[in-house]
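Two chains, two frames, a set of hints: combine them into the complex.
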Amino acid sequence: MIASLAHRASGVVLVLFVPLYLWLLHGMTGSPDNFIQVQAWLHSGLGKLLLWLAGVALFFHFCNGLRFLSIDAGWFESRQLMRLSARIILAMTLLAALLLGLLL
Amino acid sequence: MAEMIQLSVFRYDPEKGGKPFMQAYEVPVSGPGMKLLDALNYIKWQLDGTLTYRRSCGEGVCGSDGLNINGINGLACITPIAGLKQPIHVRPLPSMEVIRDLVVDMDHFFDQYRQIQPWLQAVTPMPEHERLQSPAQRAELDGQYECILCGCCTTACPSWWWNGDRFLGPATLLQANRWIVDSRDEAMGDRLDQLEDAFRLYRCHQIMNCMEACPKELNPTAAIDNIKRKILARKS
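One line per chain: the protein sequences are A and B, in this order. For what it's worth, my numbering labels the leading residue of the first sequence as 1, then goes sequentially. For what it's worth, my numbering labels the leading residue of the second sequence as 1, then goes sequentially.
With the rest of the complex left out, here is chain B (with noise of 0.2 angstroms):
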């Protein structure tokens, strides 16, 4: 007999009432690499059909499956279910409001990111062809371009959890730096006129959990401190 998972899942259908609980499933383990989305598909798919969560490309690329897993943010896909202290508590995205089961509502998590515009905005007359870049210029945004907004970083900010109305979060801060550390973009002091505020940008207080969530190993905390950098230099 193949050897066992124990998976303790949150659970809970608002459309139905009742409270939310932890639902214990057992699933056999399918193989060597074997990721922690695996498990649920097996448990959607032979277990239990009305289990709910969001998964698409399966390979850390999408971002739809960040989950509280054992209590740390990550992403299912590409957490190895082997080094996982049993049984395995799946929760959705901490401070989120549950639509269902796993499955948390994002539209704030994205109006906070599109507040950033969060495209190249240039005056200058397009050239012939496209804008360059040096390579000097184009590793600036190492680190800044791989974010792919799942939402672990900002979920697991406490300064977040608590100001999350007005303080825009990890991910999103990141995203604005990406755009800002851009030699082809010209939109430098508009989007740092939008940034310096006591909440929207100065609510990050080096707790660092972001840098420690990420699941593609970013640093949006030095992201946030090049930003606020960036408005010092301004200034002086």
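So that you can see chain A by itself, here it is in the shape it has in the complex (with noise of 0.2 angstroms):
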């Protein structure tokens, strides 16, 4: 249930990333000074709290989906390898999001 709930918040998190991206695109590539610009908002706390999340959600959707294809294709299908495989991405995901703090 948790890991179902946050395959579909992560899903929507990384979508709502790509406008960001794209404007983070535009703005580096229009000349040197927005280069500078963008790059000290993404050095600010809000872009990398920005980053960390979009991070966290990709690592996580990642690792989900392909938990959901291998069961999808019948591997892990019982109902302990089931709970099992979701208490394990969650717990990876949450140090991932542990070390990506550190990192940025």
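No lab work stands behind these hints: they were computed from the structure. Here a beta-carbon is modelled for each residue, glycine too, at the ideal position from N, C-alpha and C. A couple of the hints might just be wrong.
[Said to hold, decoys possible] If you anchor each label on the Cβ, the simulated ranges turn out as follows:
| no. | chain 1 | residue 1 | chain 2 | residue 2 | range |
| --- | --- | --- | --- | --- | --- |
| 1 | B | S30 | A | L102 | 51 to 61 angstroms |
| 2 | A | V18 | B | P118 | 37 to 47 angstroms |
| 3 | B | E97 | A | H26 | 49 to 59 angstroms |
| 4 | B | V123 | A | L69 | 35 to 45 angstroms |
| 5 | B | P118 | A | L22 | 50 to 60 angstroms |
| 6 | B | H129 | A | R87 | 46 to 56 angstroms |
| 7 | B | F199 | A | L102 | 39 to 49 angstroms |
| 8 | B | D197 | A | F68 | 17 to 27 angstroms |
| 9 | A | L84 | B | E146 | 15 to 25 angstroms |
| 10 | A | R8 | B | P127 | 44 to 54 angstroms |
[Claimed, not checked] Under 7 angstroms between C-beta atoms, here's a sample of chain B residues computed to sit facing chain A:
| no. | residue |
| --- | --- |
| 11 | Q206 |
| 12 | M208 |
| 13 | N209 |
| 14 | A222 |
| 15 | D225 |
Here is the structure:
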């Protein structure tokens, strides 16, 4: 249930990140001044937070997407493995979130 | 004095009008291994005869007393009181129309069950004795045939909450799979034809609430995935 809800939520985050990403790309390729401005914004608190959020969402959505695909294919289909794989991916995401937080 | 259990039970009588409300009850512990149904029976027989709920076998076979217990669907008769947080909130199965108190209208649920034609279909002539299965073929039915149609899984499924008019729901699809994997059934093609639909089958998005809710510890998600793979296999 939590893994499923988080999968939808992270998907929404990733879709919403696309316009932000295009805006960043547009800003960085406009002129050297623009590049410096956008770079400064990316190093600000809000910029880092959004990058962190998109990174965590991407990590979770990718891993859980693989989990869904494997269950579709008939692997990890027992009740225990369905639960265990959800827990493992949630724990991995927590770890990735901490690591990304430290790196940023 | 006996140890007391606090319950908060959903009450609603559409015939009398008014709004639904939660009513508090106190029930003494009857002994070790006491189940939630024992507490409801105590309320009905000793405290308040107007409380209405379904129950029959009292041992998790008939599937009558599917309820929402502290937010999780389950059968009152096999849910131990010990381990439940008090006050125990007892509500009817979610997303269902309430007839009275804890009794919900299951008509649509069983209509959907009828849609999958839940009986053995074979065109080959009847053998002299019964239609035989090997032990391996019989083992395919394990995890499928045990479903008692209590509705705990279907009413826990968000896809069914939103598209219950067209999505068949986990219980019905598990039952459909029960006939699809049965070696004696010869109507798999027709069954798959009927199920291959954006709503009837493919509204399942693997939320897996059904698997968590099932009081018989079955796995409707896996059964639904098996139907999807059968449809895929006949295309390739």
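Status of each hint after checking the structure:
{"no.": "1", "hint": "B:S30 / A:L102: 51 to 61 angstroms", "verdict": "holds, 55 angstroms"}
{"no.": "2", "hint": "A:V18 / B:P118: 37 to 47 angstroms", "verdict": "holds, 46 angstroms"}
{"no.": "3", "hint": "B:E97 / A:H26: 49 to 59 angstroms", "verdict": "holds, 53 angstroms"}
{"no.": "4", "hint": "B:V123 / A:L69: 35 to 45 angstroms", "verdict": "holds, 37 angstroms"}
{"no.": "5", "hint": "B:P118 / A:L22: 50 to 60 angstroms", "verdict": "holds, 52 angstroms"}
{"no.": "6", "hint": "B:H129 / A:R87: 46 to 56 angstroms", "verdict": "holds, 49 angstroms"}
{"no.": "7", "hint": "B:F199 / A:L102: 39 to 49 angstroms", "verdict": "holds, 46 angstroms"}
{"no.": "8", "hint": "B:D197 / A:F68: 17 to 27 angstroms", "verdict": "holds, 21 angstroms"}
{"no.": "9", "hint": "A:L84 / B:E146: 15 to 25 angstroms", "verdict": "holds, 23 angstroms"}
{"no.": "10", "hint": "A:R8 / B:P127: 44 to 54 angstroms", "verdict": "holds, 50 angstroms"}
{"no.": "11", "hint": "Q206", "verdict": "holds, 6 angstroms"}
{"no.": "12", "hint": "M208", "verdict": "holds, 6 angstroms"}
{"no.": "13", "hint": "N209", "verdict": "holds, 6 angstroms"}
{"no.": "14", "hint": "A222", "verdict": "holds, 4 angstroms"}
{"no.": "15", "hint": "D225", "verdict": "holds, 6 angstroms"}
When held up to the earlier numbered hints, the structure conflicts with none and fits them all.
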